[in-house]
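There are 2 protein chains.
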Amino acid sequence: MPESPLTVIPLGGLGEIGQNMLALEYEDDIVVVDAGILFPGEDTPGIDFAIPDITYLRENRDRVRAILITHGHEDHIGALPFVLAEIDVPVYSSRLAHGLISVKLRERGMIRDARLNVVEPHTRFRVGAFQVEFFRVCHSIPDAMGIAIESPLGMVIHTGDFKIDHTPIDSQPMDFIALSRLAGDGALLLLSDSTYAEVKGYTESEQVVAQALDRLIGEAPGRVMVATFASLISRVQQVVDSAVKYDRKVAVVGRSMANNVKMARKMGYLDAPDGVLVSTRDAARLPNERVVIMATGSQGEPTSALVRIANGEHRDVEVEAGDTVIISASPIPGNETLIAKTIDSLFMRGAQVYYSRVEMVHVHGHASQEELKMMLGLVRPRYFVPVHGEYRHLVAHASIARSMGVPASNTFVLTDGDVLQIDSSGADVVGSVPAGRLYVDGRMLWNMYSETLDERRRLSRNGVVAVLLCVDEVTGEALAEPAIVSSGFTDLDESQYLFGKTAKIALQSLETETRYAIDWDRVEARVAGAVSDFLYEQTRRRPTVLVAIERL
Amino acid sequence: MPESPLTVIPLGGLGEIGQNMLALEYEDDIVVVDAGILFPGEDTPGIDFAIPDITYLRENRDRVRAILITHGHEDHIGALPFVLAEIDVPVYSSRLAHGLISVKLRERGMIRDARLNVVEPHTRFRVGAFQVEFFRVCHSIPDAMGIAIESPLGMVIHTGDFKIDHTPIDSQPMDFIALSRLAGDGALLLLSDSTYAEVKGYTESEQVVAQALDRLIGEAPGRVMVATFASLISRVQQVVDSAVKYDRKVAVVGRSMANNVKMARKMGYLDAPDGVLVSTRDAARLPNERVVIMATGSQGEPTSALVRIANGEHRDVEVEAGDTVIISASPIPGNETLIAKTIDSLFMRGAQVYYSRVEMVHVHGHASQEELKMMLGLVRPRYFVPVHGEYRHLVAHASIARSMGVPASNTFVLTDGDVLQIDSSGADVVGSVPAGRLYVDGRMLWNMYSETLDERRRLSRNGVVAVLLCVDEVTGEALAEPAIVSSGFTDLDESQYLFGKTAKIALQSLETETRYAIDWDRVEARVAGAVSDFLYEQTRRRPTVLVAIERL
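Quick note, the sequences are listed as chains A and B, same order. Just so you know, the first sequence maps onto residues 481 to 1032 in the numbering used here. Just so you know, the second sequence maps onto residues 481 to 1032 in the numbering used here.
Treat the hints with care, since some could be wrong.
Since copy identity is lost for identical chains, a pair holds within one copy or between any two.
[Claimed, not checked] Listed next, the in silico SDA-like pairs over lysine to any residue satisfying Cα-Cα at most 25 Å (straight line):
| hint | residue 1 | residue 2 |
| --- | --- | --- |
| 1 | Lys981 | Trp1000 |
| 2 | Lys821 | Glu781 |
| 3 | Lys984 | Glu793 |
| 4 | Lys984 | Gly698 |
| 5 | Lys853 | Asp508 |
| 6 | Lys821 | Val913 |
| 7 | Lys680 | Pro813 |
| 8 | Lys680 | Val756 |
| 9 | Lys584 | Ala997 |
| 10 | Lys729 | Pro753 |
| 11 | Lys821 | Pro520 |
| 12 | Lys680 | Arg588 |
| 13 | Lys984 | Ser836 |
| 14 | Lys680 | Thr804 |
| 15 | Lys853 | Glu839 |
| 16 | Lys821 | Arg735 |
| 17 | Lys984 | Glu1004 |
| 18 | Lys680 | His646 |
| 19 | Lys742 | Lys853 |
The hints are simulated quantities; they were obtained by calculation from the structure and are not laboratory data. Quick caveat, the model's predicted, so the values are computed rather than measured.
Bound conformation, chain A alone (with noise of 0.2 Å):
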């Protein structure tokens, strides 16, 4: 063996589901595998999303070499803007990831600069110190690939996000034989997702929910809705199918979805007979029986195409009594409420509505434990990483990992910014390199201390009072009474008394600290305790008190 170590540094998505990247190194050469975001949650209000911190990379921008993209999905794509404003690095990708890339990078304006190559499987080619061999997966999105980098101190596979389905939409299974071409007599090093590594069993294939998109439209008396996200391009081939079967006509609500559509189609990743797809506008004019909508909106994201349409609010598109509406996703965790809202509100307006807890409307895009299993037993690597997923879902994989024979002592459950060194001798995490999450938020990036959120949080369950002196700034007196501002706090007619004695108490409290000798820094911080705690006696809440002294 050489006696240089392979380093692997995942910088994000471990740990979390989401903004997935992970950096492999051989002395001068990194090579980065998918730059993603991580989609908000609950726990992050008003944040649009996540990208990886690239502080490493940027530190080492000279040696990195390539980024590998496996599949099309914003998880692995999205964060690319960010990282190539900063680093200047060529892109590899399948071709409809490459597509979606391009989409991204035109509208900021990037395109021009970016180096962006397609890869068809089984090319092989050459970055820095690795040999690079792309194999395909199934997954939610056509031209999902596994990545094979052979490294000098032997193969790394790196599996993307991945399901074994051997009847996909596309017809385009998992190639088993490029991967045990690959893997040879076993792999130095496998990376695998491990999204789904809680659930036993296998994942069933998308033909079962073919099965039933067909037999709900066919059997669906006036229009048919079908709600799903917006990348998931064998789902709407599996509609346009079943609606040429029943003489229906397609048109898609929605940008993102639309957008999709429209390039997959031209790519060739859909197969729709001219005069199927119709817009909006020509839908309508169309007997209800002859229609299906295709909409975003099947995580109840509020500003979606089916939340507009559940609640009334949807410029073309009114749901009415004999209109059958499928959703067809599973919920993501956190978006449960939001769901479960959306089809209440369907039902009031009189729809039928099947969702993924009554009738097998979606599977989801990620192995479970037998596939697991088989994509080990494939590969049979001497070390082991699970990569894509949240804390327990890796101590699932590792232990998935040793019923089939990796040494625990060679499995190695990371988190981001962890150091995995491998050489002869064998391999050990010998330390972390700065990782996390940036939040984007309009304009604005936090890093993930920020107390923004932190702020946020505690305003959304007491909301704010701010409090306006205007004093004397020599004798330190109060020029009138205090002005009180609220928001989220109380309801007017409550304030009305309760901010009256908050005044007084804001008064006494500037007085009380004015008398000796006046630190306006103190004075403030004073006057907030005092209105917080004389707010929290009556009220049992402690609201955000602002307060801001003018000295005239």
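Got chain A; can you put chain B on it based on the hints?
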């Protein structure tokens, strides 16, 4: 049939899971079933809980004869202190529910004036025009009852919350014989629990959980912690039984669970041999493999025992490698993320964690579809009203009733406040009464249309910026630079520069507005608008902008 109609008015629990309350009326007599609270969700930040709006009962208080309680869960008894404070009426409940209600009223100094009655199953008693009899059902708390209410028009069966468990832990299965006797040749009306009407098949028996817990506790190498709902006495019983079997002691951590265990043991609902239950301190002195800790926190509640343990913040209990943690509960929708974080934290501290997704460590307390059919088959009602559930659950249950032969025209999917009238000619919804939620927030009470919650949601997304101006009352000129304070909007570094410019914008807007005539409300609104537009242009975010102008 008598000429007067029987009237059914759900006042809570239809369209939501929680705050259950239903009124039955015949002529001058009203009888109420349950008086529960609704636990807050992510859409009601800061709220302690909701109670039903009892305007209708208040306006008819002279006719309210009794409140009948099906069982002792908070979503069935939690609103009693609020209701009894306004309406002096006797309460009838089973023995354990009586114990729990007594604790609640005693804490609030209301026990002396309350008229609480313990009812044994099979004991008939008269309430106005109604004859009432409780019958035993299974649920996730001992002593759960369905209620048979015989009206002059016929028998009304209210199931309460129920499931059919032939082998419950307390050996008290559902009393089918009483139920079929009460239903006679078919009841007039069935009101039945819809919480799990979406779920196919049967809910598993508690015995399945007992086996899983017994195996996990038996195999655990070190200390075991079991987290579940504070009121789930049967789960505590299962753990105590296994602890005895494997020669372990049980310590209960968390005030609410400790209180419940103490009362359940005193009242004979928990069978724990002397010496098995020990204090946390005594447990700390025992070898780890002789200890089971039972704790609250199965929903990831931030202040619960388990979460503090998981975060290393608990005074008495520290989790360590070798510990086994069992989360013996399934997530209540909306809590998924909190629970997942707790599990991850426990894994990171080296514990082996088992939860409902990976082991059969919980079954819920509500009937699935086949049990609901069994209930419909036993009661054979002429009219059917699904209760206890969000709208889609009620719809699903109505569809089950139709499949069991109840005509669609006799099945009523109601929402809170609907007035259903049944007489000899049929049944129909004839109107509605005020109903809805009142939010309890510390000492404050909001109605559900309060803007306070909208304001909190907005604050949580974008934060707040307060602009404070001191001006000359006559000329309208500013006497100093505006003071700007904020929370949850931006980091301090960024704010220095941004707020400098914001102050200038506020001044400009003030000058423009006050140049001609001064309407101070209008000025404040215009300044707020100008500041909001400026901040949006700079950051693509619209924080809540509060403006106060002090006129001197």
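So, going through the hints one by one against the coordinates:
When the C-alpha separation of lysine 981 and tryptophan 1000 is checked against a cutoff of 25 Å, the pair qualifies both within a copy, at 23 Å, and between copies, at 23 Å. Taking CA atoms no more than 25 Å apart as the test, lysine 821 paired with glutamate 781 passes in both settings, with 11 Å inside one copy and 23 Å between copies. In this assembly of identical chains, the alpha carbons of lysine 984 and glutamate 793 never lie at most 25 Å apart, being 46 Å within a copy and 39 Å across copies at closest. For the homomeric pair lysine 984 and glycine 698, neither the shortest alpha-carbon distance inside one copy (71 Å) nor that between copies (64 Å) is at most 25 Å.
In this assembly of identical chains, lysine 853 and aspartate 508 lie within 25 Å of each other by CA distance neither inside one copy nor across copies; the values are 34 Å within and 69 Å between. Taking CA atoms no more than 25 Å apart as the test, lysine 821 paired with valine 913 passes between copies only; the shortest distance there is 23 Å, against 42 Å inside one copy. Taking identical chains as interchangeable, the C-alpha atoms of lysine 680 and proline 813 lie at most 25 Å apart whether they share a chain (19 Å) or sit on different chains (22 Å). Proximity of lysine 680 and valine 756 under a CA criterion of 25 Å is satisfied in neither setting, with 39 Å inside one chain copy and 36 Å between copies.
For the homomeric pair lysine 584 and alanine 997, neither the shortest alpha-carbon distance inside one copy (59 Å) nor that between copies (50 Å) is at most 25 Å. For a Cα distance limit of 25 Å, the shortest separation of lysine 729 from proline 753 inside one copy, 11 Å, qualifies, whereas the shortest one across copies, 70 Å, does not. In this assembly of identical chains, the alpha carbons of lysine 821 and proline 520 lie at most 25 Å apart whether taken from the same copy (19 Å) or from different copies (15 Å). Taking the shortest alpha-carbon separations for lysine 680 and arginine 588, neither the intra-copy value of 42 Å nor the inter-copy value of 49 Å comes in at or below 25 Å.
In the homo-oligomer, the alpha carbons of lysine 984 and serine 836 never lie at most 25 Å apart, since the shortest distance is 57 Å inside one protomer and 54 Å across protomers. With identical chains, the CA atoms of lysine 680 and threonine 804 are at most 25 Å apart between copies only, with a shortest distance of 21 Å across copies and 32 Å within one. Taking CA atoms no more than 25 Å apart as the test, lysine 853 paired with glutamate 839 passes between copies only; the shortest distance there is 19 Å, against 28 Å inside one copy. Proximity of lysine 821 and arginine 735 under a CA criterion of 25 Å is satisfied intra-copy only: 23 Å inside one chain copy versus 34 Å between copies.
For the identical chains of this complex, lysine 984 and glutamate 1004 are neighbours both inside a copy (15 Å) and across copies (23 Å), given an alpha-carbon limit of 25 Å. Only within a single protomer do lysine 680 and histidine 646 lie at most 25 Å apart by alpha-carbon distance; the minimum there is 18 Å, versus 28 Å between protomers. Taking the shortest alpha-carbon separations for lysine 742 and lysine 853, neither the intra-copy value of 37 Å nor the inter-copy value of 47 Å comes in at or below 25 Å.
Hint check: violations occur at hints 3, 4, 5, 8, 9, 12, 13, 19; the rest are consistent with the structure.
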